[in-house]
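Build the full structure now, drawing on both the sequences and the hints.
Line order of the protein sequences matches chains A and B. Using numbering that gives the first Met the number 0, you'd call the opening residue of the first sequence number 0 and step up by one each time. Using numbering that gives the first Met the number 0, you'd call the opening residue of the second sequence number 0 and step up by one each time.
Hints are not guaranteed to be accurate.
Said to hold, decoys possible - Here are the simulated BS3-like cross-link-like pairs (lysine-lysine), alpha carbons at most 30 Å apart as the crow flies:
#1 Lys-41/A <-> Lys-265/B
#2 Lys-228/B <-> Lys-396/B
#3 Lys-491/B <-> Lys-41/A
Think of the hints as simulated: they come from the structure by calculation, not from any bench.
Spelled out, the chains give:
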Amino acid sequence: MSELITETAEGGGVVERGSGLADRRLAEIARSDAFRALTRRKMAFVWPVTVGFVAFYLILPLLAGYARPLMGTFVVGHVTFGYAYGLIYYGVAWALAYVYVRTARTFDRRAREIAEHSERLERRR
Amino acid sequence: MGIQLFGIVLFLVIVFLTMYITYWAARRVKGTSEFYAAGRALTGWQNGLAIAGDYLSAASFLGIAGLVALNGYDGFMYAVGWLMGYVVVLYLVAEPFRNSGKFTLADVLSYRLQAVPTRLAAAVVTLTVSVFYMVAQMVGAGSIIQLLVGIPYEWAVVIIGVLMVVYVVFGGMLATSWVQIVKAVLLMTGTILIVFLVGLQFGFNPSNLFAAVAERQGVEFLQPGKLYKNPIDLFSLGIALILGTAGLPHILIRFYTVPTAQEARKSVVWAMALIGIFYLLITFVGFGAMVLVGPEAIRAADKGGNMAAPLLAEYLGGGPGTVGGELFMATIAAISFATIVAVVAGLVLAASGAFAHDIYTNVIKRGQVDEKKQFVVARYTALTVGAVSIAIGILAKGQNVAYLVALAFAVAASANLPAILFSLYWKRFNTAGAVTGMIVGAATAVTLVMIGPSVMGKDALFPLANPGIVSVPVGFLTSFLVTLLTPAEKDKEAKFDELYVRANTGIGAEQ
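Here it is as structure tokens:
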């Protein structure tokens with residue numbers, strides 16, 4: 000039974016059966032310095048930005064709940080601070096999308112280099 | 000009479016257009032890859048439009064316009080939250096998800112965890128989330144179509160149900176994607192047109208519109224506090240919205256329809272542009288309806304405010320009884336109808352994948368099913384899911400189910416998101432942590448809603464309508480602590496390394 004389950008885990012997942020070769024290559028890449036450098040840089044970028052943004056977003060309901068006079072103040076004409084502040088979120092979300100796309104291009108380049116290097120190694124075997 | 004005819008013609012145009020798409024797609028859907036993932040051949044912008052079409056439900060279009068029209072600022076703040084979750088999707092989930100899975104959410108988790116228990120848990124949570132979402136859509140759809148076109152509730156549910164079943168069973172993800180793309184274009188066009196006409200009245204200056212709001216309805220409609228009396232409840236909803244999007248199965252499976260992680264990235268950016276513009280505009284639809292139609296007239300048509308956008312269209316077209324007014328209202332009604340069918344079709348696909356691909360193919364049959372059989376089972380499952388949804392939709396007539404969408408987001412954030420993030424990023428994570436985290440996270444969210452004010456009213460045992468503030472930390476902590484308290488799966492650590500390489504480089508990903 001346990002044997003069956005293990006097999007399903009391998010075959011029923013996303014790796015096709017008999018992909019032992021690909022598995023070895025992936026394991027090799029996982030150990031390489033180039034891959035580790037890539038993921039370290041990527042994680043140091045994506046996690047702080049995401050966590051920071053979630054925290055920033057949660058300020059909005061808190062202000063709406065606990066700073067009602069501030070949120071109701073008019074800043075320009077009949078536009079309230081609350082509305083203007085809410086608009087900032089759209090700006091920040093779009094700006095972060097732009098920043099991500101820019102930064103991800105450098106990750107793409109590194110990933111391509113890693114893939115090409117691994118293929119060269121494979122051909123030499 | 001001629002006007003009613005025009006409304007019927009518009010409905011038929013949408014039905015014929017989507018049926019033609021389905022016919023076109025049906026000849027191309029030859030197996031599970033096309034059925035679940037549109038052959039992974041959509042481009043970034045196509046998938047971006049489809050994500051917007053999948054995400055922007057009637058609750059967004061008619062519901063939020065109504066919330067703003069009746070409550071002012073609080074409705075606007077509610078609208079802000081719906082875009083923000085996509086930052087989490089873009090930064091942490093979309094690309095690794097595209098690179099790691101095949102058809103379902105469970106594919107990603109079971110890659111590095113023990114397949115059978117993880118697939119079962121993920122499939123159950125996917126079904127739960129999709130069914131909650133679906134019931135909310137069906138019940139909303141039934142009453143909205145009844146209001147808009149005057150056909151009985153039951154017939155509205157059956158028509159929508161039969162259409163979505165036909166799209167999915169014959170055209171799979173390919174037809175569903177294009178129905179969603181068409182719907183996104185129609186919805187954006189309709190919304191832009193309404194806002195343009197509102198803008199004409201107010202010199203395209205939001206300040207003039209707000210001034211009219213303050214003058215006619217009172218300045219308190221520009222300030223928070225009309226709708227949400229309890230700040231903690233609002234905060235709790237915010238947590239579910241920003242973290243739930245990245246755990247919604249019907250949105251996540253859309254990333255399998257593109258060929259590479261780069262296209263998945265582009266599709267999120269397109270979706271963020273469209274969804275953001277939509278939510279920015281929908282608040283003007285709401286404020287426009289508040290000023291030009293008036294809350295009393297909107298409430299008289301529907302207590303929940305769902306008629307705000309159609310009534311505004313009627314006013315902008317020339318007013319009740321005029322040809323222009325009736326035509327514009329019929330157009331908005333037809334767009335709402337397209338909106339509903341596109342969303343429910345996406346939900347049927349997500350639910351079918353969880354049952355046919357996860358439970359049947361990989362748990363019951365342990366992966367020992369040939370491609371042809373899998374394809375047949377997938378379509379029968381879609382048929383069954385559709386039939387069950389129609390039945391639930393009819394049974395739930397008259398129930399207040401608006402809270403089910405918020406609950407779906409809360410379950411997605413509390414059960415799916417911890418499992419997804421830990422699977423993709425944490426080597427030590429194990430099966431026990433994933434399974435208990437998913438079950439406890441989902442159960443906490445559901446239980447708190449059942450004992451909360453949405454279901455129990457004034458005698459609620461739990462004071463908040465939104466469970467996120469409790470259930471999200473409970474889901475994450477359970478996954479985390481159970482993992483640390485149970486042994487590491489040494490034999491699976493190599494699989495994590497592989498997954499980590501695939502997720503972050505795309506090497507070895509499904510083509």
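Subject >> Restraint check for Lys-491/B with Lys-41/A, where alpha carbons must lie at most 30 Å apart >> reply: holds, 24 Å
Original post:
Within a Cα-Cα threshold of 30 Å, do Lys-228/B and Lys-396/B meet the stated pairing?
Top reply: holds, 28 Å
Original post:
Holds or violated: are the alpha carbons of Lys-41/A and Lys-265/B at most 30 Å from each other?
Top reply: holds, 18 Å
Violated hints: none; the structure is consistent with every hint.
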